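Below are the chains, spelled out letter by letter.
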Amino acid sequence: MQLFPCPFCGPRDETEFHFGGEAGKVRPEPAAEIAAERWSKFLYTNANPKGATREIWVHLTCGEFFLMERDTVTHAVKGSHSLVGEKP
Amino acid sequence: MTRRYSAFGLFREGLRGHTGWQPAWRSPKPKPRYDAVIIGGGGHGLATAYYLNKNHGISNVAVIEKGWLGGGNTGRNTTTIRSNYFYPESVALYDFSLKLYEGLSRELNYNIMLSQRGVVTVAHSDAEMEIAARIVNAMQLNGTDAELLGREGVLEKAPLLNSSDRARYPIFGGSWQGRAGVARHDAVAWGYARAADAAGVDIIQNCEVTGFIVENGRCAGVETTQGAIRGDNIGLAVAGHSSVLAAKAGFELPIRSYSLQAMVSEPVKPCLDTVVLYLGTATYLFQSDKGEIVVGGGLDRVPSYAQRGNPPMQQHIISGMLEMFPSFGQLKMLRQWAGVVDVVPDSSPIIGPSPLPGLYLNCGWGTGGFKSIPAGGWLLANLIANGTHHEISRPFDLDRFARGRLVDEAAGSGIAH
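Taken in order, these protein sequences are the chains called A and B. My numbering applies: residue 1 is where the first sequence begins, and numbers increase by one. My numbering applies: residue 1 is where the second sequence begins, and numbers increase by one.
Hints in this document: simulated from the structure, not taken from any laboratory. It should be emphasised that the depicted structure is a prediction, and the values quoted were computed from it without experimental measurement. Incorrect hints may appear among the rest.
Chain B stretches covered by chain A per the calculated footprint, using a threshold of three residues with CB under 8 Å from any CB of chain A [said to hold, decoys possible]:
#1 23 to 37
#2 245 to 255
No more than 25 Å apart at the CA atoms, straight line, and that leaves these computed lysine to aspartate or glutamate pairs for DMTMM-like [unchecked claim]:
#3 25/A x 145/B
#4 66/B x 223/B
#5 248/B x 55/A
#6 25/A x 232/B
#7 290/B x 252/B
#8 66/B x 266/B
#9 99/B x 323/B
#10 41/A x 266/B
#11 25/A x 223/B
#12 290/B x 223/B
#13 99/B x 130/B
#14 50/A x 223/B
#15 41/A x 397/B
#16 50/A x 208/B
#17 50/A x 33/A
#18 248/B x 22/A
#19 25/A x 64/A
#20 25/A x 14/A
#21 248/B x 14/A
#22 78/A x 22/A
#23 50/A x 145/B
#24 66/B x 289/B
#25 41/A x 232/B
#26 99/B x 145/B
#27 41/A x 69/A
#28 248/B x 71/A
#29 99/B x 397/B
#30 248/B x 64/A
#31 41/A x 408/B
#32 41/A x 29/A
#33 78/A x 64/A
#34 31/B x 232/B
#35 66/B x 55/A
#36 332/B x 289/B
#37 66/B x 208/B
#38 29/B x 266/B
The beta-carbon is built from N, C-alpha and C at its ideal position, and this holds for glycine as well.
If we strip away everything but chain A, and leave its shape as in the complex, we get:
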């Protein structure tokens, strides 16, 4: 059982967390003028890196969304950062 660090609660069981998506994806605006290909890229396409990655996770029990840096091969967690006050 792996522990993930919630910036608000501290280390908690991995089953309490839900993967939200890769960090740094920005919704294209203005929505009405965006071509289908670009929407498709935003909605479905991922870098899906092997190794170091930056991801948005949510701690389901407290509702905190945060940024977690981890490794997709070793599963080592490098750090987690609160998104409070962050701009996208």
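Chain A is fixed; fit chain B onto it per the hints.
Chain B in isolation, oriented as in the chain A frame:
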């Protein structure tokens, strides 16, 4: 010259002390140039090479594998073959694969041990029975075999199932596909490899692709750990690592990689002669020819390239097994492992041209790559040889995401991811 396998040959070798067997394929050095280069020496890649020769007469082909043949997901799956999907596009694809599997042992002269023992999917409420009836009707309309079973019918197929009135997931009935079954997964890879090699295909193991050669905007070959290998057309069949290779080719895919784990028990006497899946637990199991109970379930919920499963899902799968077959609580588990699977948002594969001209994709099979090996290889070979889709692969082109025409089997047939 590849020698034909036969019962007589086996008998003769038995008398000779098995000293006359020859390697089933060569291990050649790569040539500088091929008509087609296939990246990935798993089932899909080897099948692609086989069908390039058989259907299109193209035998100047290389299959490049970074490890050993069938050492990725081809050797890590739970060997189930079925076509119980909801959408016509999916049934056309997976039933095509099942039909190819039905003739494969004879065609390849290699026993893949196909055992069409059927799959029963168990429903636990009146509402789930309506869904089961819906998918059975859809399958019959799409031209494959399916049957709706009542409670008695399910218990007849698998008498050891938990029939208690107080079960957490009571048996109301379920859907049945009798032509579904299991096969020996290594034999599928080895059978295709042997047949492709006999046709002149070069299978190059321990050769990792490190980059793509692009000339005039078109893919003209690959850079590998054994040097540059050029090809008129390149096929990509690298389940689990499609995004990694796509990044080297300069594009991204609608794929996320997850670990999918499975496990087997110690071998026991025959007690289960079908494949059983519970909608309630998402755990499925069957008994292997050796007597082991093979158990699988859903994906680990953490995106991963680690070929190992995490404890929470292992616990979930085993608790599901104990709910379904309480008597299996006495079993000792023997092995647990995982493979990395390419999961696409609509739980359907991607077959078609990539954004880089000359490079064709066969990926995104998610948890269902093994059952699709013959069809995946057949359709990728068709794309490489003709440059255009077969009507079966057309709906699975990468362009479906921008067109909004997803084949959403996650919702349609209740895949657990």
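Status of each hint after checking the structure:
| no. | hint | result |
| --- | --- | --- |
| 1 | 23 to 37 | violated (count 0) |
| 2 | 245 to 255 | holds (count 5) |
| 3 | 25/A x 145/B | 44 Å, violated |
| 4 | 66/B x 223/B | 12 Å, holds |
| 5 | 248/B x 55/A | 21 Å, holds |
| 6 | 25/A x 232/B | 36 Å, violated |
| 7 | 290/B x 252/B | 42 Å, violated |
| 8 | 66/B x 266/B | 32 Å, violated |
| 9 | 99/B x 323/B | 34 Å, violated |
| 10 | 41/A x 266/B | 46 Å, violated |
| 11 | 25/A x 223/B | 31 Å, violated |
| 12 | 290/B x 223/B | 42 Å, violated |
| 13 | 99/B x 130/B | 28 Å, violated |
| 14 | 50/A x 223/B | 20 Å, holds |
| 15 | 41/A x 397/B | 15 Å, holds |
| 16 | 50/A x 208/B | 16 Å, holds |
| 17 | 50/A x 33/A | 34 Å, violated |
| 18 | 248/B x 22/A | 19 Å, holds |
| 19 | 25/A x 64/A | 19 Å, holds |
| 20 | 25/A x 14/A | 24 Å, holds |
| 21 | 248/B x 14/A | 32 Å, violated |
| 22 | 78/A x 22/A | 15 Å, holds |
| 23 | 50/A x 145/B | 40 Å, violated |
| 24 | 66/B x 289/B | 30 Å, violated |
| 25 | 41/A x 232/B | 29 Å, violated |
| 26 | 99/B x 145/B | 12 Å, holds |
| 27 | 41/A x 69/A | 23 Å, holds |
| 28 | 248/B x 71/A | 19 Å, holds |
| 29 | 99/B x 397/B | 22 Å, holds |
| 30 | 248/B x 64/A | 35 Å, violated |
| 31 | 41/A x 408/B | 18 Å, holds |
| 32 | 41/A x 29/A | 14 Å, holds |
| 33 | 78/A x 64/A | 18 Å, holds |
| 34 | 31/B x 232/B | 13 Å, holds |
| 35 | 66/B x 55/A | 29 Å, violated |
| 36 | 332/B x 289/B | 18 Å, holds |
| 37 | 66/B x 208/B | 4 Å, holds |
| 38 | 29/B x 266/B | 41 Å, violated |
Hints 1, 3, 6, 7, 8, 9, 10, 11, 12, 13, 17, 21, 23, 24, 25, 30, 35, 38 from the earlier list are contradicted by this structure; the remaining hints agree with it.
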